[in-house]
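Assemble the whole structure, with the sequences as input and the hints as a guide.
In order, the protein sequences belong to chains A, B and C. To convert, note that position 292 of the first sequence is 318 in the numbering used here; the numbers rise steadily by one, no gaps. To convert, note that position 269 of the second sequence is 602 in the numbering used here; the numbers rise steadily by one, no gaps. To convert, note that position 273 of the third sequence is 262 in the numbering used here; the numbers rise steadily by one, no gaps.
For the record, the hints were derived by calculation from the structure and aren't laboratory data. A hint or two may mislead.
Stated by the list, open to error - Some chain C residues flagged as far from chain B (calculated, every beta-carbon gap over 10 Å):
no.	residue
1	GLY2
2	GLY6
3	GLY35
4	GLU62
5	GLY81
6	ALA85
7	GLU90
8	LEU111
9	PHE212
10	THR230
To be verified - Simulated crosslink set (DSSO-like; lysine-lysine; CA at most 30 Å straight-line):
no.	chain 1	residue 1	chain 2	residue 2
11	C	LYS192	B	LYS461
12	C	LYS165	C	LYS182
13	B	LYS461	C	LYS120
14	C	LYS137	C	LYS189
15	C	LYS192	C	LYS82
16	C	LYS251	C	LYS189
Here the structure is a predicted model, which means the values were calculated and not measured. Every residue, glycine too, gets a C-beta built ideally from N, C-alpha and C.
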Amino acid sequence: MNSVTTTTETYVQRTWRHFSADSFARNGLRIVIALFIMAAFAPFLANSHAIIRMADGQWSFPVFHSLQPIEWRFLFYVPLAGMIYLCRNRFFAKPGHSVLYLAALIVLIEIFIGFTHPVNDTTNDRDRPASFKLMPPIPYSPIESTPDSFSPPSWKHLCGTDSTGRDIAARMLHGARTSLSIGFVAQSIALTIGVAIGGLAGYYRGWIDIGTCRFIEIMDCFPPLLLILVAINLFDSDKGNNMFYIMAVIGLTSWTGVARLVRGEFLRLSALPFTLAAKALGASDGRIILRHLLPNSLGPILVAGTFGVASAILIESSLSFLGFGMQAPTPSWGDILSDARRYIDFAWWLAFFPGLAILITIMSYNFVGEGLRDAVDPRLRVK
Amino acid sequence: MTTYIIRRILLLVPTLIGITLFTFLLIRLAPGNAAMLKGGGENGGRAMTAEQRLATIKLYGLDKPWYIAYGDWVGRICRLDLGESWKDHRSVTTKIRERLPVTMSIAGTALVLSYLLAIPLGVIAALKRGQALDRSISFVVFILYSIPSFVAALLLILFVAGGDYLNLLPMYGIQSINASEMGTLPRLWDRILHMILPVICLTYASLASISRYTRVSMLETLGQDFVRTARAKGLPERLVILRHALRNALIPIITIFALELPVLIGGAIIIESIFTLPGMGNLMFEALEYRDNPVIMGITVLAACVTLLSYLAADILYVVVDPRISYE
Amino acid sequence: MSTPPLLHVENLGIHFGSPADPVKAVDGISFEMQTGETLAVVGESGSGKSVTALALTRLLATPPARIVSGKIEFEGRDVLQLPDSSLRSLRGKQIAYIFQEPSSSLNPVFTIGYQIREAIELHRPEVDDVKREIIRALDTVGIREPAKRLDDYPHQLSGGMQQRVMIAMALACQPKLLVADEPTTALDVTIQKQIIDLLKELKQTSNMAILLITHNFGLVSDFADRVAVMFRGKIVETGPTAEVLRNPQHLYTRALIECVPKLGQKQHRLKVIDYAGIK
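Here you go:
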């Protein structure tokens, strides 16, 4: 009788293994993470303020003066989250202590941020003489006009400039921020609403389900872009140059797909014996939904979420392209492209670079989504 | 069968009510409209004339309780009276009717073309599963799927139309300036030339998704038992695939057009504004810029109803095509 | 005896998986069938019997499966070497199949009349009144009111009737060999008996050979002339049915026979096969 050793792996580990086996998905994920980092550190990558400067015998770090509070928060919390993830075993070993340390750290960070004085000036460290200066790789600010309008790509301006001389490369880096943050937040809103509504409909059935399905049916009859344009148009006199407004509108109109999905999953799962068993043990509805049904549906939800972020980014770009989303001077890929349309005859770089950027971003998210979908598919179970 | 159709149409009514109610509530909630009642009311910064204000109040019944106003409004819609445009005081219905043919011809062509191209692609990819052909088709399709329509339009214009490179196709409009001077056949050809780029921009995305669905459906069908039976009967492989497998695989694909239609309508807004085509999408775009509410609302209701009808058509088509589904 | 056998299988080997470490589904089996004879191939799931049956007309999907050795001679010609066109005229016309799941083996979007017509028009182009042939075929398999049933779709029929339709479709071309791959496994017991009785009837009225694949030894007696027992890709015993049932030589055969519950005998436990004891 031979002893058989079986390795057990968790669902997450198995999913990750399937996912990383797909080279497209792996590389897509790398690009997504790279984009995320680029967007987060955009002020350090494209800025007219120097990172380090030495003048008149004094060291200074001008870049930090231009950071807004939200950028400071980005700078602190993202690496913090990364570190927590890397040390997650130690972190969750003694949760009480960890939370305390974390809270203290957060308090310190917020106090620090409170003391910063973001300076909104347009001083230009490129031209100011200094004994030593270290400029960001792209030494231009996205909103800074230069007299070199419509210059094609060159060593000076890697992606050329637009109609008012703003550096396209800088605008693209900062535009990544706009697009990605709108995409993420909008999709998070959509996911939350969709999971809530779909979950309740799928679990409780009956009238809630019928009403929800009817409502989803009605909403689905409106072409999404149309609905968003109408909503933005009706309610905001500023033609929707408000980032939070756009996030909200996109989120409020994109939840139906997720809701359908979650409803289907909950309907299926609540008919399985384990739900009955949980009920027989006296579990409350909330507990069943949160602890049993939701974790089992996470796979498809994550897949839908990934594709949803891509779609939200696409919608945001379309909106600013049409002139109804984020407008100049706020950098946005769609906005650069709408410029491109006007000057397509001679300024090909206005169309090429942002177009390429959008294409690569959406493709990467789609790769990740596809990879996730294959990894999560229960039909591939026996490996 | 007719009873089924009638029943399905009757089931549409609640959804129609829902659509019109939803749109109506949007109108009523819009701040601009509410202000109108008080004698103020701007239109994107433009002050409104007294008669415009009165007309709008009458159209949306802003002075009456919402349920009465809603009833009135629905009545007017049924009589195809969608009010007057704020821009040029012409009937909204007339304006839409003028623009409809262009949009329908382009969107219709795009839909038909995407089906005609996607199905063979999907079938080939399924038959050559895993091989180089399948992988390259899947990759190309994937890229197509990820290109936003306006990026594709701009790139096409850049390289193929006008501009410094190739100057093969026209960039703007639905016909050349001297179209009225051409004979029928040259005019038709001129039209087609102008339609090529917009149709391409609307087609490729649907093409990508339909071909992927076809591939999946075909793969599933090929694994079914009855395909083995058809082979065991001695049918040539060509017939096994085209007659037995494809017929089954196409059943879910046929009904996808209902899902593609809303996307096409949304895409039409972008494409028509880029190529300056005198269609409904462009009308909507102009109306949004000008904040011409009657036109905006009219087109919204129309678009929603068209989508609803396409869902109905898909349901009926499904029952016709799949004998397993009963008329219940 | 100088009449050549109808079917002569020699040293057939079929492997799955990687060549380095293959799964030997069929591991060098040989058997013969004479015209008009009924051979039952009995074995449990995974013994390789279905794979063998499908291989007879090269119905196996050859990417995952690989025929590594042997020959399959039908009326003297090696099936494994036949060109495609000859293979197609072999299928349906000389060798016909009925499968385990009749509900999924019939195309759901075509009427049963159409599917039978297809077979007739393909292999018997000389027939003038195809419709009459179809009705006759349906009648032969015991379907009542066959003229009305022509326009029915498979999902409108019960499991037993679907299997009868499959048999009718197989018989419509008057094949020399009918391969029945577990034809009754998916049906309930009373219908099982009906189908087997139908096959017995057909055996008597035509000179058709039947290759019955089954895991149920209970079906074999009173139906098959000879029986071959398969275990893990090999044929472990073969012989006339009465002989084998009375005097099983191989351990596995004995175990299989004992597995069949006997009517009237009190059994506290069902017999389970002890694989370790079998080579």
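Now the hints, each set against the structure:
1. The non-interface label for C/GLY2 is consistent with chain B: the shortest C-beta to C-beta separation is roughly 22 Å, beyond 10 Å.
2. With a minimum CB-CB distance of about 16 Å to chain B, C/GLY6 clears the 10 Å threshold, and the non-interface call stands.
3. Every C-beta of chain B lies more than 10 Å from that of C/GLY35, the closest at about 19 Å, which supports listing it as non-interface.
4. Under the 10 Å C-beta cut-off, the non-interface status given to C/GLU62 relative to chain B holds; the minimum distance is some 19 Å.
5. With a least beta-carbon separation of about 3 Å from chain B, C/GLY81 fails to lie farther than 10 Å from that chain, contradicting its non-interface assignment.
6. The Cβ of C/ALA85 does not lie farther than 10 Å from every Cβ of chain B; its closest approach is about 7 Å, which violates its non-interface assignment.
7. At roughly 6 Å, the least C-beta separation between C/GLU90 and chain B is not larger than 10 Å, which violates its mark as non-interface.
8. Non-interface status of C/LEU111 relative to chain B is broken: a Cβ of that chain comes within 10 Å, the nearest being about 6 Å off.
9. Listed as a non-interface residue, C/PHE212 keeps its Cβ farther than 10 Å from every Cβ of chain B; the least gap is roughly 22 Å.
10. The Cβ of C/THR230 sits about 27 Å from the closest Cβ of chain B, beyond the 10 Å cut-off, so the non-interface label holds.
11. With a CA separation close to 42 Å, the supplied pair C/LYS192 and B/LYS461 exceeds the 30 Å bound.
12. Distance hint between C/LYS165 and C/LYS182 is fulfilled; the C-alpha atoms sit about 24 Å from each other, no more than 30 Å.
13. At roughly 38 Å between alpha-carbon atoms, B/LYS461 and C/LYS120 are farther apart than 30 Å, so this suggested pair is violated.
14. Pair hint C/LYS137 plus C/LYS189 holds up; C-alpha atoms about 26 Å apart against a cutoff of 30 Å.
15. Between C/LYS192 and C/LYS82, the direct Cα distance comes to roughly 17 Å. Compliance with the 30 Å bound is thereby established for this hinted pair.
16. Our distance criterion of 30 Å between C-alpha atoms is met by C/LYS251 and C/LYS189, whose separation comes to about 22 Å.
The structure shown violates the earlier hints numbered 5, 6, 7, 8, 11 and 13.
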